[in-house]
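**Q** Here's the letter readout for the chains.
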Amino acid sequence: MTEAYRVLYTGALLVLSVLILVLLIRAARTPRNTDRIICVNMISAMVIVIIVLLCALLREGYLMDAALLYAAMSFLAVVVFCRVWLGTGKRKNEDGGDPDA
Amino acid sequence: MLEVARFCLTAVLLCLSLAVFTVETAGLFRFKFALSRMHAAALGDTFGLMLAMLGLCLSAPDAASGVKCLVLLVFMWLASPVSSHLIAHLEAATNPKIHEEAEEIRL
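For the protein sequence lines, the chains are S and B, in the order given.
Under the numbering used here, the first residue of the first sequence is numbered 1, with each subsequent residue one higher.
Under the numbering used here, the first residue of the second sequence is numbered 1, with each subsequent residue one higher.
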């Protein structure tokens, strides 16, 4: 039974790693800037699943805390980046986005 | 017997979660507009995380880790739509051709 769990978790880790590599290539070779933030968001979701998988595979309890911290940090990073780019939203522009105009 | 049932349930949920993440990545390459790609990313992230956390909560090393799985799931349900909404807001504000790609409805 332990061997079956190990095979399952290792297979899942491999699939997730391949998906993260594909997303990384997509983030580098996309025409639009917004696609890069979308790819980073997806990569962080998959990394959270990888950390929880490692917690189950290595049977260590502290990795769940690491996953919670990583989720909070990645969410904060996306929010701060979007706020800095958009401005804080207090302006009354009609077309709504350029902070330098 | 109970151990076999636990393993089967964890395996099914984990494989479904991987399938959802694969479909989400494929959707990122297939859609033409950035807002559609954002939709695929947000839906895929939420659903895939839900299935993975439910599956791994069953086979967690101890009960505290299982509860932390559910706490992480609830936190990602609250945080992921907010970040997706902000990215879509950024896209709608900085795309010069947004009115050709999408229709704006003011409520």
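Derived from the structure by calculation, the hints contain no laboratory data.
Predicted, not measured: the structure shown is a model, and the values here were computed from it.
Every residue gets a Cβ at the ideal spot worked out from N, C-alpha and C, and that includes glycine.
Mixed in with the good hints there might be a few duds.
[What the hints assert, rightly or not] Now the in silico label distances, taken between C-beta atoms and shown as ranges:
1. S:Tyr-62 - B:Lys-97: 29 to 39 Å
2. B:Leu-9 - S:Val-84: 21 to 31 Å
3. B:His-39 - S:Ala-27: 27 to 37 Å
4. S:Leu-14 - B:His-39: 44 to 54 Å
5. B:Met-1 - S:Ala-72: 17 to 27 Å
6. B:Met-1 - S:Ala-27: 38 to 48 Å
7. S:Leu-14 - B:Ile-105: 18 to 28 Å
8. S:Trp-85 - B:Glu-100: 21 to 31 Å
9. S:Ala-27 - B:Ala-64: 51 to 61 Å
10. S:Val-84 - B:Pro-81: 34 to 44 Å
11. S:Leu-14 - B:Lys-97: 32 to 42 Å
12. S:Arg-32 - B:Val-12: 20 to 30 Å
13. S:Leu-69 - B:Ala-63: 42 to 52 Å
14. B:Glu-100 - S:Leu-13: 35 to 45 Å
**Q** The structure should be examined with respect to each hint, and the outcome stated for every one.
**A** Here is what the structure says about each hint:
At about 48 Å, the beta-carbon gap between Tyr-62 (chain S) and Lys-97 (chain B) misses the expected band of 29 to 39 Å. Judged by the Cβ atoms, the range 21 to 31 Å given for Leu-9 (chain B) and Val-84 (chain S) is violated: they are separated by roughly 43 Å. The hinted range of 27 to 37 Å is not satisfied by His-39 (chain B) and Ala-27 (chain S), whose Cβ atoms lie roughly 18 Å apart. At about 28 Å, the CB distance of Leu-14 (chain S) to His-39 (chain B) disagrees with the hint of 44 to 54 Å.
For Met-1 (chain B) paired with Ala-72 (chain S), a C-beta distance near 39 Å fails the hint of 17 to 27 Å. Checking the proposed 38 to 48 Å range against Met-1 (chain B) and Ala-27 (chain S) shows it holds: the Cβ atoms sit about 46 Å from each other. The beta-carbon spacing between Leu-14 (chain S) and Ile-105 (chain B), approximately 44 Å, falls outside the hinted interval of 18 to 28 Å. Between Trp-85 (chain S) and Glu-100 (chain B) the beta carbons are some 22 Å apart, a value that agrees with the proposed interval 21 to 31 Å.
Take Ala-27 (chain S) and Ala-64 (chain B): their Cβ atoms lie about 35 Å apart, and the range 51 to 61 Å is violated. Between Val-84 (chain S) and Pro-81 (chain B) the beta carbon distance is about 20 Å. The supplied range of 34 to 44 Å is therefore violated. In this structure, Leu-14 (chain S) and Lys-97 (chain B) meet the distance hint of 32 to 42 Å, their C-beta atoms being roughly 39 Å apart. Range check, Arg-32 (chain S) to Val-12 (chain B): Cβ separation about 37 Å, and the 20 to 30 Å hint is violated.
About 21 Å separates the C-beta atoms of Leu-69 (chain S) and Ala-63 (chain B), a value inconsistent with the hinted range of 42 to 52 Å. Checked against the hint of 35 to 45 Å, the C-beta distance between Glu-100 (chain B) and Leu-13 (chain S) comes to roughly 42 Å, which is consistent with it.
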